[in-house]
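Residue numbers (the numbering used here), protein chains in the order written: chain A, 1050 to 1323; chain B, 41 to 543; chain C, 203 to 620; chain D, 203 to 620.
Where hints are given, some of them may not hold.
For lysine-lysine, the following BS3-like pairs were computed, each having C-alpha atoms within a straight-line distance of at most 27 Å [unchecked claim]: (1) C:K514 with B:K149; (2) C:K570 with B:K149; (3) B:K148 with C:K514; (4) B:K402 with D:K263; (5) C:K447 with B:K134; (6) B:K378 with D:K447; (7) D:K447 with A:K1322; (8) D:K570 with B:K409; (9) B:K148 with C:K570; (10) A:K1236 with D:K447.
Some chain A residues well away from chain D (every beta-carbon gap over 10 Å; in silico) [stated by the list, open to error]: (11) K1083; (12) Q1180; (13) A1183; (14) G1223; (15) M1230.
Hints in this document: simulated from the structure, not taken from any laboratory.
Quantities reported herein were computed from a predicted structural model and do not represent experimental measurements.
We treat Cβ as the ideally placed atom computed from N, Cα and C, and that holds for glycine.
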Amino acid sequence: EDITIGALLSDTSNTFFVTMADAIEAKGAELGVKTIILDGANDSAKDVTNMEDLIAAGVDFVLYNPVDSDAAAAVVEKATAAGIPVISIDRSVNGAEVVSHIASDNVYGGKIATEMIIELMGGEGAIAEIQGMAGASAANERHQGFDEAIAAAGDKITVVSSQIGDWDTTKAMGIMENILMANPEVKGVFCANDNMAIGAVQACQQNGRSDVIIVGFDAEQIALDAIEEGTMVATVQQQPALMGELGVENALKYLAGEAVEPSIGAPVALVTKD
Amino acid sequence: MGKMILQLKGIDKSFPGVHALREVDLNVYEGEVMALLGENGAGKSTLMKVLTGVLARDGGEILYQGKPVSYRNVRQAQDDGIAIIHQELNLIPKMRIYENIFLGRERKKKSGALDIRTMIETTRELLERVRVQLDPRERIENLSIAQQQMVEIAKALLLDAKVIVMDEPTDALPDEEVDSLFGVIRQLKAQGKGLIYITHRLKEVFEICDRATILRDGSFIGELPVRELNMENLVSMMVGRELTEQFPYVKTARGREMLVVKGLSNAHVHDIDLTLYAGEVLGVAGLVGSGRTELAKTLYGLYPWEKGEVTLNGKPYRAEKPSEAIAQGLFYMTEDRKRNGLVMLMDVAGNITLSSLSRIRKGMSIDAKAEREIVSDYIEKINIRTPSMRQRARNLSGGNQQKVVLSKALMTEPNVLILDEPTRGIDVGAKKEIYHLINEMKERGVAILMISSEMPEILGMSDRILVLYDGRVRGELDREEATQEKIMSLILSDIQRKEAVSV
Amino acid sequence: MNSQSKAILFVLMLVCAILGLALAASVVNACHSFDNVLFLDGAARSARVAQAVEAGETGLKLTLFQNAFWLLGLAILLLAGALWCLARLNKVSERSRGITKLVLTSYRPLVILVLVTLVFSCLHVRFFTVGNFTNILRQISHYAILAAGVYFAILLGGIDISVGSVLAFSGAMGAFILSRMPENSWSALLAIGAALLIGIGAGLANGFFIARCGLQPMIVTLATMSIFRGLTLVLTNGAAISLSKKMAGYGLFTGLGQGAVLWGALPIPIILMALIYALAFYLLNRTAFGRHMYAIGGNEEASLLSGINVQKVKTLAYTISGLLAGVAGIVVTARVASATPTAGQSYEMDAIAAVVIGGTSLRGGEGKVLYTIIGALIIGMLNNILNLTNVSSYYQTVVKGIVILAAVLLDAKSVKKD
Amino acid sequence: MNSQSKAILFVLMLVCAILGLALAASVVNACHSFDNVLFLDGAARSARVAQAVEAGETGLKLTLFQNAFWLLGLAILLLAGALWCLARLNKVSERSRGITKLVLTSYRPLVILVLVTLVFSCLHVRFFTVGNFTNILRQISHYAILAAGVYFAILLGGIDISVGSVLAFSGAMGAFILSRMPENSWSALLAIGAALLIGIGAGLANGFFIARCGLQPMIVTLATMSIFRGLTLVLTNGAAISLSKKMAGYGLFTGLGQGAVLWGALPIPIILMALIYALAFYLLNRTAFGRHMYAIGGNEEASLLSGINVQKVKTLAYTISGLLAGVAGIVVTARVASATPTAGQSYEMDAIAAVVIGGTSLRGGEGKVLYTIIGALIIGMLNNILNLTNVSSYYQTVVKGIVILAAVLLDAKSVKKD
Ligand SMILES: Nc1ncnc2c1ncn2[C@@H]1O[C@H](COP(=O)(O)OP(=O)(O)OP(=O)(O)O)[C@@H](O)[C@H]1O
Ligand SMILES: Nc1ncnc2c1ncn2[C@@H]1O[C@H](COP(=O)(O)OP(=O)(O)OP(=O)(O)O)[C@@H](O)[C@H]1O
Ligand SMILES: [Mg+2]
Ligand SMILES: [Mg+2]
C-alpha cells in the first residue's frame, strides 16, 4: 500500500534544511514511500497553509519543523484531528501532542560555541556576536545560548558589539569590518550561521587580522573548508541528515503500529580542525 | 449697464521670478459678458485662479455682491456661485459624463448612498440645454474634444452660478459648436448672469462680449465697452504696438511634387489622394473629428497603413515609426504642445535638438559647442523669448513654447512639414511671428501641410485647401476660389450625400 | 450571411461546447475516482486498470479511465470546434462580437479564474473539492484583506508597500496586550482595538506624508515599512509572542482566525474577508468618496479643480489601507495563535500581484475591487496546487513569477486590442 | 541698504562661520584624542580629565576637552550668528539669495552629505578617519553599483526591483562555474562573462516585457525578481557555493572584490564603482542616448513624436540595470568569496532609497546620476555609524526608515519653495 509522508520545513533556502530535506527524500525512496516536502519560507502563516494543504492532499504522516513553535500547536491539532500523526523535528511544538520530537538544541549549540571562543580568548577580552535574521527562532535560540555563556563567563569578558546580519554573508562582512573599525581589540566573534561566519572571516582576512577567533553554526561545507584552512576555528554541527532519516524511520515504525520514543536525540557537537 | 456683481480691485500676484499680476482690476456686470484679453502670459488665467481660490493673492481685494470675499479653494467659490471652466480640460477620461458633471457635488440619498438616477436625469437636462445629444452614461474618453468642452460647460451650468468664467472655451471648438456655445451664453445673459470670457479669437469679442478688460504683461491696461473698440485698437492695446495685416500671405512659385499620396487607407482614413508641392502651404480643413490629425499621424508612422502608395521627393515613402518618417524628411508638429510636443522638464536647447541629435554628434558624444551655436542661432532667428537656452520649457509662455517646437521641426531640415493647429491658444503677436516663419519655410522650398480649425487662418495662409470629412477627402479648393461658405458646403454636401445613402 | 445560418452556427457552438466540457469533466472525474490524475504516465494507468479489472470492477467509469487519453483528445477537438464556431460568428455578427469582447475585457479575470480552475482540477485528485476550496479561501483571507487595502492606494495611482510591516506590528501589539493581561476578560477587545488603532495610525502617517507633504507613495511606504518592522522587533524583543489558552482573551481573539460558523463549514476569516470586500465595494461604487477615489486616480488636478478635497480623500485611502493591514494582522495572529516579528514579510508583493492580476492598472483610476479577490484567489490556488503536486519550493518561486507575468500579459494584450 | 553695509555683513558672516567651525572642529578633535566622544556624560569626562591630569598631561587639547561643553555652545552660537548674517544678507541682496537658493536646491544632496558627516563625526572617535571612509566606500560599492542601474530605470519613470535577485543569480553562476572548473585557468574569465551575460539577459527580459509588451515596470520586475530568486535556489540547491584558493580562477575572480591598488590604499570595488559612475555620467550627459533617456522620462509621447526609438532606449536602460546588477553580483561574490542563494535580498529597496535620497524623482525625467552615489554614501554612513556605536539592530531599522523619510522630506520642502 502506498504511503505518503509530508515534511514541512521552515526554510529551504537554508542549507541546514536542504540537507534535511534531501535526507528525508533519500530515505523515503530507499524505504519505498512517497514524500512531499514543503517550504515554510520562515513565515508562520505560510506554515499553517502548508499543513492545511498536506491535510488536503491526504498524506499519511507529517514530519514537522515549524517556523514558530507556538504557532504550530493549532495546526498540529488539526492534523491529528484529520487522523494524521505528526513528529516534530528540530523545533518542538508547544501546546499540542505530537508522536515524538526529534531534538537538536540551538541554545546548547550557541552556548558551547561561545564557551569555546571564551576559552580560546583566555577567559578575558572583547567578544562580538553577529546574529541571524531578527525575529527568526533559530536566531533567537542561538543568541540565547550566547548570552548564557557570556553570563557564565563573568565580567572579564565584554561584549563590544552584537549586531544582526540577517543570515547574509555580505551584511555580516560589512558588520565585521565596522566592528574591527570601532573595536580593534575584539578577539572573538560568534556568528549565528556559517554564511555569516564566512563573511566575518573575509572581513578579518582583508583587514589583515588572522588573530580573531571565529566560530560559526551549521557545519556547512564552506565552514568545514574554512576550518581546514585555519581561518575559522569551529562550527556547531547539528545533524540535519540524521534527523531527517530518524524522522522517516520513526514515522514508518509508528504507522506499522510499533512504539516510538517520545523524544529522540540528535546530538549537537562542535566541529574543529581535529 | 447691468449692476456690478463682482469687482476685483488692485490684484497682485507673484510667482518666484515672475510678477504675474500688478494692480489688476476687473469688473463683472449682471447680464453682460466681460471679455478678458491679453497676450499669452499676460496673466488672464492667473487672475481667474486668484478669483476662484486656486491661488492665493498677494494683494488687492475681491468684492462679490458688494461684500469682500476671499476663497481658499474652488469649492468655496463654487458654493458662493462662482463657476469656472478652466483653460485645460478638467474631465476624468475614464469616468462617465454624469459622474464628471457631479464630481465633487454628488447627489446622495438619505442613506448616504449615491442617488444615481437623479444625477443621470439632471445631466440629461443639462446636456439638452447645451444642445448636445449624448447618453449621460457615456464615458468621457469616447467623446470628441468639442463634446468634452460642452460637457464642461454643462458642468458649470449645474452650479447655477451667478458668475461664470470661461477660459478659452472655444480653443478647441469648430465654428458650429461655437455657435451653440454662443446660444448658451446669450441664454445665460438673459438670465442676468455675469460672465467673464477669455479668448484669443478676437472676432468672438465683437460677436458676444459687451465689454473688454485688457491686460498686458500682468498690468491692467483698461476696461472699455466693446462698441468703442475695433480690431486695430484692440490689438494695439494688447500688444502695445500696431499690428498690420493679420495673415501675411506670400506667393511663391510652386516647386516640384514633394509628397504624393495615392489611395492611403487604414482604420482612421480612407482612400486619401493628395499631392503636395515644394514651397506651398496646403491647408486641411474639416470638422473636429474629421480625421485630419489621423491623416497626419498615419503619414508620420503612428498608425499602421492598410493600403496606399506614397512617394516623397520622388522616392517611395513608408514609415512605421516617427524616426523613420524623420529620416525620410517628413516631420509632424502635434496639435497639443503641452501634452506631446515638448518635454517640459527639459531645457530649451534640449528640446530644440531632440530630433536631430545625430547631426551634432562628435564621436559618441554630443558636440556641446555645436549644440550651443545651433540653438542660439534658432533663438535669435525665430525670436524665442527666453532668459537662456538652459531655461526649462515649462517656464516659457505658450507662444514661445510653440516656437521651440517649430525650431525642433526646422532643425530636422524636413522636406515636408505637417503643422497641426500651429497657432492654437497663441496670442495675436506670436501668431503673426509664426505665420512669418511659415512663409520663410515656404520660400526655402519646404512643402507644408497645415491643419487648422480656424477658418480665417486656413483661408489666409494656404495656397490650396483640402477638405476632409469622415476620414475622406471631400474636395480641394484653390486659394482664389476658396471661401468659408464653399468649404462648409463641401462638408455639408457630404452630410447630405451620406443621409441620402442611408435612406 | 443570413440570420438562419447564424442561428445554426450558434447552436453548433453550444452543442460542441457542452459536449466537450461534459466529456472532459467525466473523464477527469473517472480518473480521479481511480485516485489517478491525468498526467500520470500510460504505464501507471494501465497497471491501475489491470488492478481494477482484477478486482472485478466494471462500468462506465472504468471504460472512461481506460480510454482517458483519446477521449480527452476528442473533448479538446470538440472545444476547438466550439471556438471555431465562435470565431465565425464573430466575423458575421456585431452582437456576438460585442459579447465576446465584453467577456474578454470586462470579465477577463473571471475567465482566467475559470480556466485556471479547470486546469488545476486536472492536476490533482483533491483539488476540486469543497474541503480544498474552503481551505484555499481561508488561506487567502488575510492576503485578500491586505490586497483590498492596497487596492485603495493603487486606485489613486499610488502604492502601499508598508502593509506587511503594519500587519506584523498590529498583530504583535494584539498578542502583546493579550499576554500582558492574562486575567482580564476584556483584553481581547482591547487587543483588537489596539491592533486596529495601530493600523489606522500607520495609515494616517502614510497619508500625512503622501497627501499633505506631497511625497511619493513608494518612498514613504518604503520608509514606514522599515520603521514599523523595527517597532515590531522592539515590541516583541525579536521573539514570537505566543497566545496560550490560559489567557482570558484567548478564545475570543483566536476565534477571529480559527473559528467557524455553520457547523464548522464557514470559517470566520472567510466571512471577514467577504464583509470587507462588500464594504469596500459599497464605498467605492455607491458613495461620493468612491467617486472621488476614481476621479483622483484618473486626474488629480482636475479633481482638485472640481472642488474635491484631494488631501482628505487621499489620507482616508491610505488610512483604510493601514486599517485593513491591521485587520489582516489580527486574522494572521489569531490564525496561528502567535505573533512573530517577521510576520508579513514580503506580503506586500503578493498583495500588489493580486491587485494587478485582478486587472487593476498601477496607473490608477481604473479597476474593480471585487476582481482583486479573484487575483488573490488565483495566487492562492497556484500555491495550493504547487503544494498538492509537491513541486519543489525553488521551482514554486519560478512558477509564481511566470504566472504573474502571464496574467498581466494577457491583460495587456486584450487591452491593446480595444 | 548700501553696498558698504552688505560688505560688512558678508565679512561678519565669514568670520563667524570660520571661527565657529574651527572651534567646533578643535573641540571635537580634542575630545577624540582623549578617546572620548562628545555625547559622553559629564561624569565620564571629568573622570577622564582627572586621569589625564594625574598622568601629568597639559596643553591646549586638555583645556579644550575640559571645557568641551561650553566651548561647543559658543561654537554653535557663532554658527547661528553666521546663519543670521546670511538671512539678513538674503533679505537685501538678490545675488546672495540666488547663491543660497542654488546651494540649497541644486547642491542639496551635497549639503545633506556634509551635515551628516559633521554630525556623525561627533558621534564616534573613529568615524572621521581615512580608514573608515575607505571601509564605508568599499561597503557601499555594490549597493552603489546596483543603485546606478536602478537610476536608469527610475529616470525613465519606471523601477527595477529585480536587481537583488539578478545580483544573486549572476553571483551564483560565477561561483558555480569557478567551482565546476577548478583546474581551468580561464574559468575566472568564463565566470565573469557568464555573470555579466546573466545580468544582460535578465535586463533584456525586463526590457522586453516593459518596452515591447507595454507592461508596468513594477509588476514585471516583481515577477522576474521571483523567477531569478527561484533560479538561484535551483542552481545552488539552496546551499552557499564557496570559492576556495585551490580553484584555478580564484585569484583573478576574488581580486575584483578583495583586491586593491596603490599599496592597498585603493580597493578595486571602489575603482569599479567610480568607473561605472563615470561611464554612467558620460552616457547620460554627453550622448544622444542620455538625452533620449531624459526626454522619455519627461514625456514619453513627445519623445516618440520627436522620432526617438522609445522601445529601444527603454530596453537598453533596463539592460544596463541588469548588467550592473550582474557586476554587483560579481563584486559581492568576489568580496565574500562565496555565493549564497539568499544574497541581495531586499537590496533593491536600499538601491531605490539611495536614488531617491540623491534627489531623483520617482516620476522620472529629472535627476543627477552622481548624486545617487551620495545617496548610497549617506545610507552607508548611517549603517556604519549605527554599527560603530552598537545601536541595537531593532532600532537601526527604525532609524533607517526615519532618515529616508527625513531626506525626502527635505527634498520636497525645498522643491516646493522653488
Ligand atoms: N504656477 C506658476 N509658477 C510660476 N509661474 C507661473 C505659474 N503659473 C503662471 N505663471 C506665469 O504667470 C504668467 C501669467 O500666466 P497665465 O497662465 O495667467 O497667462 P495667460 O494670460 O492665461 O496666458 P495664455 O493666454 O497663454 O493662457 C506667465 O508668465 C506664466 O509663466
Ligand atoms: N468614440 C471614440 N472612441 C475612441 N476614440 C475616439 C472616439 N471619438 C473620437 N475619438 C478620438 O479622439 C481624438 C480626438 O478627436 P478629434 O475630434 O480631435 O479628431 P481629429 O480628427 O483629430 O480632429 P481634427 O480634425 O480636429 O484634427 C481622435 O484621435 C479620435 O480618434
Ligand atoms: Mg491662460
Ligand atoms: Mg485634431
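Against the structure, the hints:
In summary, the hint linking K514 of chain C to K149 of chain B is supported, as the alpha carbons are separated by about 22 Å, within the 27 Å threshold. Between the alpha carbons of K570 of chain C and K149 of chain B the distance comes to roughly 23 Å, so the proposed pair stays at or under 27 Å and holds. Distance restraint check for K148 of chain B and K514 of chain C: the Cα-Cα separation of roughly 19 Å lies within the 27 Å cut-off, and the hinted pair is therefore satisfied. A C-alpha spacing of about 58 Å is found between K402 of chain B and K263 of chain D, which places the hinted pair above 27 Å, so the restraint is violated.
Of the supplied pair hints, the one linking K447 of chain C and K134 of chain B is violated, its CA atoms being roughly 53 Å apart against a limit of 27 Å. With a C-alpha separation of about 61 Å, the suggested pairing of K378 of chain B with K447 of chain D is violated against the 27 Å cut-off. For the hint linking K447 of chain D to K1322 of chain A, the alpha-carbon distance of about 18 Å falls within 27 Å, and the restraint holds. Between K570 of chain D and K409 of chain B, the direct Cα distance comes to roughly 22 Å. Compliance with the 27 Å bound is thereby established for this hinted pair.
With a CA separation close to 22 Å, the supplied pair K148 of chain B and K570 of chain C stays within the 27 Å bound. With a C-alpha separation of about 25 Å, the suggested pair K1236 of chain A and K447 of chain D falls inside the 27 Å cut-off, and the hint holds. Against the 10 Å criterion, K1083 of chain A stays outside the reach of chain D, whose nearest CB is about 21 Å from its own CB. With a least CB separation of 7 Å from chain D, Q1180 of chain A falls inside the 10 Å interface cut-off, contrary to its annotation.
Distance check for A1183 of chain A against chain D: the nearest CB is about 6 Å away, which does not clear 10 Å, and the non-interface claim fails. Not every Cβ of chain D is farther than 10 Å from the Cβ of G1223 of chain A; the closest lies at roughly 5 Å, contradicting the non-interface assignment. Not every C-beta of chain D lies more than 10 Å from that of M1230 of chain A, the closest at about 5 Å, which undercuts listing it as non-interface.
Violated hints, in rising order: 4, 5, 6, 12, 13, 14, 15; the structure is consistent with all others.
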